[in-house]
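There are 2 protein chains.
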Amino acid sequence: MHRQISNYLMDKISSGAWPPGMRLAPQRELCRQFGVNRSTVVTALGQLSALGLIEGRRGGGTRVAEVQAAADEAVSSPDPARTDLLPVPSAGSWNAYVEEGVHYPNLPTVQDINRLEYEQGLIRLGTGEPAPELLPGSAMTRVLAELSRQTLPPLSYEEPLGSPGLRSAVSRELAKNGIQADPDSILITSGALQGLQLIAVGLLPRGSTILLEKPSYLYSIHAFQSAGVKFSGLPMDEQGLQMDGLAREARRSKAAMLYSIPSFHNPTGVLMNAKRRQELMEVTGQLGLPILEDGAYQELWLDTPPPPPLKALDREGRVLHLGTLSKAASPGLRIGWIVGPEPVVRRLADIKMQTDYGASSLSQLAAARWLEGGYHEEHLQHLRARLRKRRDAVLDLLQRHFTGLAAWNVPAGGFYIWLSLDKPVPLRTLFRTAHKAGLLLNTGDLYDRGDNRHLRLSYVYASPAELELGLPLLAGLIRKLQQPGV
Amino acid sequence: MHRQISNYLMDKISSGAWPPGMRLAPQRELCRQFGVNRSTVVTALGQLSALGLIEGRRGGGTRVAEVQAAADEAVSSPDPARTDLLPVPSAGSWNAYVEEGVHYPNLPTVQDINRLEYEQGLIRLGTGEPAPELLPGSAMTRVLAELSRQTLPPLSYEEPLGSPGLRSAVSRELAKNGIQADPDSILITSGALQGLQLIAVGLLPRGSTILLEKPSYLYSIHAFQSAGVKFSGLPMDEQGLQMDGLAREARRSKAAMLYSIPSFHNPTGVLMNAKRRQELMEVTGQLGLPILEDGAYQELWLDTPPPPPLKALDREGRVLHLGTLSKAASPGLRIGWIVGPEPVVRRLADIKMQTDYGASSLSQLAAARWLEGGYHEEHLQHLRARLRKRRDAVLDLLQRHFTGLAAWNVPAGGFYIWLSLDKPVPLRTLFRTAHKAGLLLNTGDLYDRGDNRHLRLSYVYASPAELELGLPLLAGLIRKLQQPGV
Ligand SMILES: Cc1ncc(COP(=O)(O)O)c(C=O)c1O
Ligand SMILES: Cc1ncc(COP(=O)(O)O)c(C=O)c1O
Numbered sequence: 001m002h003r004q005i006s007n008y009l010m011d012k013i014s015s016g017a018w019p020p021g022m023r024l025a026p027q028r029e030l031c032r033q034f035g036v037n038r039s040t041v042v043t044a045l046g047q048l049s050a051l052g053l054i055e056g057r058r059g060g061g062t063r064v065a066e067v068q069a070a071a072d073e074a075v076s077s078p079d080p081a082r083t084d085l086l087p088v089p090s091a092g093s094w095n096a097y098v099e100e101g102v103h104y105p106n107l108p109t110v111q112d113i114n115r116l117e118y119e120q121g122l123i124r125l126g127t128g129e130p131a132p133e134l135l136p137g138s139a140m141t142r143v144l145a146e147l148s149r150q151t152l153p154p155l156s157y158e159e160p161l162g163s164p165g166l167r168s169a170v171s172r173e174l175a176k177n178g179i180q181a182d183p184d185s186i187l188i189t190s191g192a193l194q195g196l197q198l199i200a201v202g203l204l205p206r207g208s209t210i211l212l213e214k215p216s217y218l219y220s221i222h223a224f225q226s227a228g229v230k231f232s233g234l235p236m237d238e239q240g241l242q243m244d245g246l247a248r249e250a251r252r253s254k255a256a257m258l259y260s261i262p263s264f265h266n267p268t269g270v271l272m273n274a275k276r277r278q279e280l281m282e283v284t285g286q287l288g289l290p291i292l293e294d295g296a297y298q299e300l301w302l303d304t305p306p307p308p309p310l311k312a313l314d315r316e317g318r319v320l321h322l323g324t325l326s327k328a329a330s331p332g333l334r335i336g337w338i339v340g341p342e343p344v345v346r347r348l349a350d351i352k353m354q355t356d357y358g359a360s361s362l363s364q365l366a367a368a369r370w371l372e373g374g375y376h377e378e379h380l381q382h383l384r385a386r387l388r389k390r391r392d393a394v395l396d397l398l399q400r401h402f403t404g405l406a407a408w409n410v411p412a413g414g415f416y417i418w419l420s421l422d423k424p425v426p427l428r429t430l431f432r433t434a435h436k437a438g439l440l441l442n443t444g445d446l447y448d449r450g451d452n453r454h455l456r457l458s459y460v461y462a463s464p465a466e467l468e469l470g471l472p473l474l475a476g477l478i479r480k481l482q483q484p485g486v
Numbered sequence: 001m002h003r004q005i006s007n008y009l010m011d012k013i014s015s016g017a018w019p020p021g022m023r024l025a026p027q028r029e030l031c032r033q034f035g036v037n038r039s040t041v042v043t044a045l046g047q048l049s050a051l052g053l054i055e056g057r058r059g060g061g062t063r064v065a066e067v068q069a070a071a072d073e074a075v076s077s078p079d080p081a082r083t084d085l086l087p088v089p090s091a092g093s094w095n096a097y098v099e100e101g102v103h104y105p106n107l108p109t110v111q112d113i114n115r116l117e118y119e120q121g122l123i124r125l126g127t128g129e130p131a132p133e134l135l136p137g138s139a140m141t142r143v144l145a146e147l148s149r150q151t152l153p154p155l156s157y158e159e160p161l162g163s164p165g166l167r168s169a170v171s172r173e174l175a176k177n178g179i180q181a182d183p184d185s186i187l188i189t190s191g192a193l194q195g196l197q198l199i200a201v202g203l204l205p206r207g208s209t210i211l212l213e214k215p216s217y218l219y220s221i222h223a224f225q226s227a228g229v230k231f232s233g234l235p236m237d238e239q240g241l242q243m244d245g246l247a248r249e250a251r252r253s254k255a256a257m258l259y260s261i262p263s264f265h266n267p268t269g270v271l272m273n274a275k276r277r278q279e280l281m282e283v284t285g286q287l288g289l290p291i292l293e294d295g296a297y298q299e300l301w302l303d304t305p306p307p308p309p310l311k312a313l314d315r316e317g318r319v320l321h322l323g324t325l326s327k328a329a330s331p332g333l334r335i336g337w338i339v340g341p342e343p344v345v346r347r348l349a350d351i352k353m354q355t356d357y358g359a360s361s362l363s364q365l366a367a368a369r370w371l372e373g374g375y376h377e378e379h380l381q382h383l384r385a386r387l388r389k390r391r392d393a394v395l396d397l398l399q400r401h402f403t404g405l406a407a408w409n410v411p412a413g414g415f416y417i418w419l420s421l422d423k424p425v426p427l428r429t430l431f432r433t434a435h436k437a438g439l440l441l442n443t444g445d446l447y448d449r450g451d452n453r454h455l456r457l458s459y460v461y462a463s464p465a466e467l468e469l470g471l472p473l474l475a476g477l478i479r480k481l482q483q484p485g486v
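Chains as they are written, first to last, in the UniProt record's numbering: chain A, 1 to 486; chain B, 1 to 486.
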């Protein structure tokens, strides 16, 4: 058994998949991975260490040895058949490279979440995508079947703005929400996230400032910060972004843009009302301040449709509007769009051509069919009914288990409930204890760096049964962490 | 008629699609677009100008007026029904934004090409993608039909490295080329271009230097320059990158990486032979210099398979290897991969998650089926036969029309012939005169900034009939530009 493990590890090292200096997973983790007990792992590691292939570093765990060191020693493989272990000079480790790129790494918690979302068995209480059973499996299959009924058009590189067919379909879709945009004003992106990324590197000089709601989805991604853009967070209330102070802060910070999620805000679920939208357009109009409107959840109203998007009120080309099929259709399509003045979308299209030559043509074909074939509208109606039920079930559970512990909003759409704990808790600790207890959390510090008393709950991912189990468990963990002396 | 045009233009302006300060297309272009004569366009523009909606600027063409100016005037619409033209305060123009982002715009010629590739009727002599009739329309349709036979898996967000199914398929594909890489060492990207982009922002500190062949595909894209990385070009011969001088230049420039396209180089078509590959691995091994191997054309051999890729010779994890389905299958899939040490691909995957949350799941599903169902191998065999024919036809045409005017190589694979003119020509001028004559060219300056005597010809896009027409035409244009006094 240990022979098998040491062979596996040697393969990783001799092929260069694990380069010199790379830190090995902790022994505990290796035991789990191979399904063996500690002593077997210790024996295997001992062999590798004797070969000079790995080395312990004080405080740094076990790492792959700088092979150069091993080159001077005459070592023999424990498995005489293996001749691929002849030491070779080291490329120097990749460590420096991995740390030095211009682009920031994700926040550690985000990295954890991205990884843990693929760990089996965790109850995901805050995940921002619909559960597999809420995705339109069979409708999407029908779309593909429809596409394959005739010979597909060749899947070539697309025009910089994206396929004309999909842009027309999106244009018609936008018109339903009061946005007049012809296909020349629409850039197809690989999801709304890529839209943000393109705007971050394409429109804003290093050092400029973006105003945004606090908390905001944007704090959880690093696109703007990696491009050297600064954030200035503005307070919200139940009607959305607050207006007092906006003009002052815009002037003080010489803000270049305002980012807002007016409909079913991520993470708070807040819906900006019509009056506030009007005010926002007026105040920013006087300032000449461009707006980046993120409409990711716009169609996902549960009770009544939201007021028209800011872009529908825009007569000056001052609003860039982001949309996506991720939330109401399927995230895996990776189809979103930016609506804006033609020179702006052309500039962004040019960068997109440099980044990845455009979104998948296959996804663009499927998305156009999805919208034009009426699948989208049909799925939305179905989805709304199911999300309404889930939302109400979660509100019930909160009532039962979080009364006296936290307050929350009743979202009129979108995916999220913003849980405000009555007393602060150390959120990283809560994240870790919850993980040990089988819960995956989206803690408030992801959306507001200094936060220590919020959680983003989602009613769209975990199953009703998981929620019945997970939410009381969460309440218990929070209570424990809030006890004096913890 | 002019009423219709002025209404169209007013819509663009009043909706903000054409923001203040935006430059209108030249009158000639507007005539073409609307299919009318000059005087109609002049009348329409006159009306808009009288309304204060557009203004002529000395040397700056006609631009959309800063609407603020118009706000003071009482103007009445020529079309009394239109009340949407009430002047509104201006957001200030987007011009500054469009110019100030961190990411460089594409080279002007590349922008022209990206746009002109969608203009009808041009003969594209240098295009780097297979013509629609060479793409696997019906095989890809069969793949979709196969996928739609059972209910699709839900199209969710994928794991950071990409779908496990596709990574396994790619791993098996790589093994055929002698590359041992298990799925944990493979990151799925939206085409090889995105791989380059991720490496540019993820692994290299601002100000570092990359060695590369001169000329190179990499000069035609701005990913690395936008990330503040410098280039140092090394000479090639018929066996590929030359070895003498490499070590000296690597030390002098403190190079962080070497980028190479060893198989069927873009733009020269050169194939690096096995001996040179060995030498390259040795020289860079001694320097501890990591290699970025671009294998985009690797499978597209025409006569005999190329020597194993550099990654197959790599025992230290010193080579990052890029692959793609764009060239041998379909560019519109937008599926490529990076193979490298696990910590490196994990770092790049993290940035990918911040950029666009991963490649299209639908494309990943189709790509996995494409590879596993044997479609890829079958298509490749078919494609090779057809490309061989096309290559030979172009070589024939060159023989007939370019003898005494230029020299060229006989490519053993890939898409390109690198035409070396005996005498220099002003390439931007050649590009423009050729465009007027209906030819779209990829001039040498795209691949080597200082070049003035090369063209990249491709035998994969223009039809045989177009080539018969286009190549002699091109020869004539070049002759004219080389005449003394021009
Ligand atoms: C507010 C908001 N914008 C944008 C996105 C990005 O979505 P996608 O890139 O899948 O379209 C998300 C997803 O979480 C979101 O919540
Ligand atoms: C050498 C080389 N690398 C990478 C690419 C990018 O191809 P894709 O992003 O479509 O995979 C190309 C395409 O022109 C190329 O020629």
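Calculated directly from the structure, the hints in this document are not laboratory data. Everything numeric in this text was worked out from a predicted model, so none of it was measured. We put the beta carbon where it would ideally sit given N, CA and C, even for glycine. Among these hints, one or two may not hold up.
To be verified - Sample of chain A residues facing chain B (criterion: CB under 7 Å; computed from the structure):
#1 Gly16
#2 Pro19
#3 Gly137
#4 Leu144
#5 Glu159
#6 Gln180
#7 Val201
#8 Ile221
#9 Ala227
#10 Gly317
#11 Tyr357
#12 Leu421
#13 Pro424
#14 Arg428
As the list claims (entries may be wrong) - Here are some chain B residues the structure puts well away from chain A; computed CB gaps all over 10 Å:
#15 His2
#16 Gly35
#17 Gln111
#18 Asp182
#19 Arg318
#20 Ser326
#21 Arg334
#22 Ala412
#23 Arg432
Quick rundown of the hints versus the structure:
1. Gly16: Holds, about 2 Å.
2. Pro19: holds, 4 Å
3. Gly137: holds, 5 Å
4. Leu144: Constraint on Leu144 of chain A satisfied, holds at 4 Å.
5. Glu159: holds, 5 Å
6. Gln180: holds, 6 Å
7. Val201: holds, 4 Å
8. Ile221: Result: holds, 6 Å to nearest chain B Cβ.
9. Ala227: Result: holds, 5 Å to nearest chain B Cβ.
10. Gly317: holds, 2 Å
11. Tyr357: holds, 5 Å
12. Leu421: This interface hint is violated because 28 Å lies over the 7 Å limit.
13. Pro424: Status violated, d = 29 Å.
14. Arg428: Interface hint status for Arg428 of chain A: violated (19 Å vs cutoff 7 Å).
15. His2: Holds, since 20 Å exceeds 10 Å.
16. Gly35: Gly35 of chain B is indeed farther than 10 Å from all Cβ atoms of chain A, at 17 Å.
17. Gln111: violated, 6 Å
18. Asp182: violated, 7 Å
19. Arg318: violated, 4 Å
20. Ser326: violated, 8 Å
21. Arg334: violated, 4 Å
22. Ala412: For Ala412 of chain B, whose nearest Cβ neighbour in chain A is about 25 Å away, the distance exceeds 10 Å, so it holds.
23. Arg432: holds, 20 Å
The structure does not agree with the numbered hints 12, 13, 14, 17, 18, 19, 20, 21 stated previously, though it agrees with the rest.
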